[in-house]
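Novice: So the chains spell out like this:
Number of protein chains: 2
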Amino acid sequence: MNKIENPDRSTWAEILKRPTQTYDQIESTVLEIFDNIKSYGDSAVKQYTEKFDGILINNLEVQQDEINTSVNELSQDLKEAIELAKKNIEVFHQAQKTTPVSVETAPGVICWQEKRPIQKVGLYIPGGTAPLFSTILMLAIPAKIAGCKEVVLCTPPDKNGNINPAILFTAQLCGIDKIYKVGGIQAIGAMTFGTESISKVYKIFGPGNQFVTVAKQMATKYNVSIDMPAGPSELLIVADDTADASFVASDLLSQAEHGVDSQVILVSTSKGLIVSVEDEINTQLVQLPRKSIAEKAIANSKLIYVKDHKTALELIDEYGPEHFIVATNDNAFYVDNIANAGSVFIGNYTPESAGDYASGTNHTLPTNGYAKQYSGVNLDSFTKSMTFQELSPEGIKNIGNAIELMAEAEGLQAHKNAVTLRLNKLAKN
Amino acid sequence: MNKIENPDRSTWAEILKRPTQTYDQIESTVLEIFDNIKSYGDSAVKQYTEKFDGILINNLEVQQDEINTSVNELSQDLKEAIELAKKNIEVFHQAQKTTPVSVETAPGVICWQEKRPIQKVGLYIPGGTAPLFSTILMLAIPAKIAGCKEVVLCTPPDKNGNINPAILFTAQLCGIDKIYKVGGIQAIGAMTFGTESISKVYKIFGPGNQFVTVAKQMATKYNVSIDMPAGPSELLIVADDTADASFVASDLLSQAEHGVDSQVILVSTSKGLIVSVEDEINTQLVQLPRKSIAEKAIANSKLIYVKDHKTALELIDEYGPEHFIVATNDNAFYVDNIANAGSVFIGNYTPESAGDYASGTNHTLPTNGYAKQYSGVNLDSFTKSMTFQELSPEGIKNIGNAIELMAEAEGLQAHKNAVTLRLNKLAKN
Numbered sequence: 005m006n007k008i009e010n011p012d013r014s015t016w017a018e019i020l021k022r023p024t025q026t027y028d029q030i031e032s033t034v035l036e037i038f039d040n041i042k043s044y045g046d047s048a049v050k051q052y053t054e055k056f057d058g059i060l061i062n063n064l065e066v067q068q069d070e071i072n073t074s075v076n077e078l079s080q081d082l083k084e085a086i087e088l089a090k091k092n093i094e095v096f097h098q099a100q101k102t103t104p105v106s107v108e109t110a111p112g113v114i115c116w117q118e119k120r121p122i123q124k125v126g127l128y129i130p131g132g133t134a135p136l137f138s139t140i141l142m143l144a145i146p147a148k149i150a151g152c153k154e155v156v157l158c159t160p161p162d163k164n165g166n167i168n169p170a171i172l173f174t175a176q177l178c179g180i181d182k183i184y185k186v187g188g189i190q191a192i193g194a195m196t197f198g199t200e201s202i203s204k205v206y207k208i209f210g211p212g213n214q215f216v217t218v219a220k221q222m223a224t225k226y227n228v229s230i231d232m233p234a235g236p237s238e239l240l241i242v243a244d245d246t247a248d249a250s251f252v253a254s255d256l257l258s259q260a261e262h263g264v265d266s267q268v269i270l271v272s273t274s275k276g277l278i279v280s281v282e283d284e285i286n287t288q289l290v291q292l293p294r295k296s297i298a299e300k301a302i303a304n305s306k307l308i309y310v311k312d313h314k315t316a317l318e319l320i321d322e323y324g325p326e327h328f329i330v331a332t333n334d335n336a337f338y339v340d341n342i343a344n345a346g347s348v349f350i351g352n353y354t355p356e357s358a359g360d361y362a363s364g365t366n367h368t369l370p371t372n373g374y375a376k377q378y379s380g381v382n383l384d385s386f387t388k389s390m391t392f393q394e395l396s397p398e399g400i401k402n403i404g405n406a407i408e409l410m411a412e413a414e415g416l417q418a419h420k421n422a423v424t425l426r427l428n429k430l431a432k433n
Numbered sequence: 005m006n007k008i009e010n011p012d013r014s015t016w017a018e019i020l021k022r023p024t025q026t027y028d029q030i031e032s033t034v035l036e037i038f039d040n041i042k043s044y045g046d047s048a049v050k051q052y053t054e055k056f057d058g059i060l061i062n063n064l065e066v067q068q069d070e071i072n073t074s075v076n077e078l079s080q081d082l083k084e085a086i087e088l089a090k091k092n093i094e095v096f097h098q099a100q101k102t103t104p105v106s107v108e109t110a111p112g113v114i115c116w117q118e119k120r121p122i123q124k125v126g127l128y129i130p131g132g133t134a135p136l137f138s139t140i141l142m143l144a145i146p147a148k149i150a151g152c153k154e155v156v157l158c159t160p161p162d163k164n165g166n167i168n169p170a171i172l173f174t175a176q177l178c179g180i181d182k183i184y185k186v187g188g189i190q191a192i193g194a195m196t197f198g199t200e201s202i203s204k205v206y207k208i209f210g211p212g213n214q215f216v217t218v219a220k221q222m223a224t225k226y227n228v229s230i231d232m233p234a235g236p237s238e239l240l241i242v243a244d245d246t247a248d249a250s251f252v253a254s255d256l257l258s259q260a261e262h263g264v265d266s267q268v269i270l271v272s273t274s275k276g277l278i279v280s281v282e283d284e285i286n287t288q289l290v291q292l293p294r295k296s297i298a299e300k301a302i303a304n305s306k307l308i309y310v311k312d313h314k315t316a317l318e319l320i321d322e323y324g325p326e327h328f329i330v331a332t333n334d335n336a337f338y339v340d341n342i343a344n345a346g347s348v349f350i351g352n353y354t355p356e357s358a359g360d361y362a363s364g365t366n367h368t369l370p371t372n373g374y375a376k377q378y379s380g381v382n383l384d385s386f387t388k389s390m391t392f393q394e395l396s397p398e399g400i401k402n403i404g405n406a407i408e409l410m411a412e413a414e415g416l417q418a419h420k421n422a423v424t425l426r427l428n429k430l431a432k433n
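One line per chain: the protein sequences are A and B, in this order.
At position 421 of the first sequence the residue is numbered 425 (this note's numbering), and the sequence of numbers has no breaks.
At position 252 of the second sequence the residue is numbered 256 (this note's numbering), and the sequence of numbers has no breaks.
These aren't lab readings, by the way, just hints derived from the structure by calculation.
Watch out, some of these pointers could steer you wrong.
Copies of the same chain look alike in the list, so a pair counts if it works inside one copy or between any two.
For lysine-lysine, the following DSS-like pairs were computed, each having C-alpha atoms within a straight-line distance of at most 25 Å [what the hints assert, rightly or not]:
no.	residue 1	residue 2
1	Lys204	Lys55
2	Lys429	Lys295
3	Lys21	Lys7
4	Lys83	Lys21
5	Lys401	Lys90
6	Lys83	Lys148
7	Lys153	Lys21
Computed from a prediction, not measured in an experiment: that's the story for all the values here.
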């Protein structure tokens, strides 16, 4: 762990620097796979699945009997836990629904804004050792509430051609339309171009390794949009003597176990707390099954002492953390003033895990400083806002002249004509 | 004009195809300019301005006395027109403000969502023959309502080092913090990296030529976001015998005068209307100052006859027009059911020009089919949504067990520990 005391403001950028990643080598692989999927559809998808996942899949779509079997394998406790999480996530995202905004901006000029669902969305869920079924909840629930017509899910099969039962259970619980056994670059390519079996979608959501990340980025060149740019997961905690060092340490470790490149930062106005947290980390770390991963992330972590909350806030805003835990004697100060953070966890009894799974907030959040300009996934991520306007004859009379003047000043005569013709007709009547 | 009757569904994709553009050659130019701006700041910006705009600018920032002089040059009529447009745009975007969404998802688990402003935004306004001061209204007004702390504007100087008076007037009227005399790739580079004079921003908005388009795309590789992907402007009109052919023609021409690559489509259930519109276009076209541009766009335009409104709607949804004018005997059918469009103009007295300038809606809209998944610029474009959560001891007791089960099932023991430690502590008390 790197302990830093009262860093000079001129060094903040350097201290808070995230490791940059370049994926240039991967791009050519992605392009090749995309080209083949575009040309050969399912057969290319199956070929790559055999190559990368080591299994030949004849039927890419998961069948109902596979889902039924899986559901029976899962413990009742876990099913109930997933159902509880689903309920909370549903309640929170349902509350984000908005009604159309309608205004008569001038007499006879009615403008309104409405959010309508993105018709076709694709969710990517990584497989492997950690089956991220919780991410299905985070993506499928708002997609369904938004009213997306088609919600498909791609996830890689294991060596036997199966999908983890918790993934199948959760996907079915959330009403996913179709589940495909396909992962990696080929999954993103299939959803970008469409194949005989797999629907082309308008927007792709979900986490993934570096190959998936580059593939999603590449998909945006083919009229598909994506949830947000990806980067390693991050947690920044601000804590003082009112925090519990063992809780703080456990939260830092829960972030650290995600991957060796996880970003873990503690900012504190208490030197005592920093020492206690360090001790606690050492105690807790040894007991973790993912110790070797967490150890590496912790080695790169930063424990930063600053003299007061004001300085802490400025430093945190410069970083823009994905996850931000606040456990101080003045939490309201941070909550009221933080400008850049993905999701904020307040107080000693709000671990990041709560938001990762079951509090109701979304866990798909902006990393890599993107909290400065990106929202985390929310209901609006599955809609687009459209505007409407209707002018009555009175309306065009009221604003027509202003339009004519502005169009002329911009040198756009035909724009002006479209108004003049209408005004002339009304003058004649 | 290309007349198409009752096209078979299998040909829709081909008929509605937009010309694809590849900008690979421009990328290396953009990279070189970006690199130099990153290394040499203002001096590189000035060098490129001299090279591309033919003028050496000593002071990149526009000074107050230049603004004052410009303001005096502008006619009172035009100022009042701009002020009227500003008022309408303000009213409509102000109405888009939302209040935090707060829910107790389970007893003791409070989650809320708040939109907070993006702190620093940059607006790009092209110069040249058509000074797009209207775009300043569309971008600066929502930025100010959202509460963005820093709103800067870049626009290229003319050969004498001046900025069009209407641009300066509008920028000042909207309360832009700083106006810089810099255009093209160098403007986007300067806002991406920051220079001695020009602020680095988090998000860049605004239209531009192909160089600006590629530069904006490139900026996204450096932790900057952009309003949306760019493409040539588009208008699709659906009209039947209840429409006025001269109005329809004038609207098609107002789109066509934007550029030779503008997309212009008429869909109609009336063969008679198609003939009348064609005649009207020929009559109106000859009188336009931008005739040569409009002529080329019109030559590529499409007049499509379909048998009924239902077919028309499906075809239009497959296209996803940026601007969509509805002038039929059943406008409600289109308004209620259209899934993919940027902005919708309803009835005979609602020309596209209205939304371009003064109705109140935003004219920065998704082109190139992106209406399928992107919103036009709106108040939310200048904010990001953040989530907050606070669990009481009761709250963690209520959902803690579910979190533990799910974390364990995902193989993330440290995530579970963060909850277990807290539950244990509460059990002891």
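Novice: Evaluate each hint against the coordinates.
Specialist: Results of checking the hints against the structure:
no. : hint            : in the structure
1   : Lys204 - Lys55  : within (23 Å within a copy, 45 Å between copies)
2   : Lys429 - Lys295 : between (78 Å within a copy, 24 Å between copies)
3   : Lys21 - Lys7    : within (15 Å within a copy, 58 Å between copies)
4   : Lys83 - Lys21   : neither (41 Å within a copy, 47 Å between copies)
5   : Lys401 - Lys90  : between (52 Å within a copy, 17 Å between copies)
6   : Lys83 - Lys148  : within (20 Å within a copy, 47 Å between copies)
7   : Lys153 - Lys21  : between (41 Å within a copy, 23 Å between copies)
Figure legend: structure checked against the earlier numbered hints; the only hint not met is number 4.
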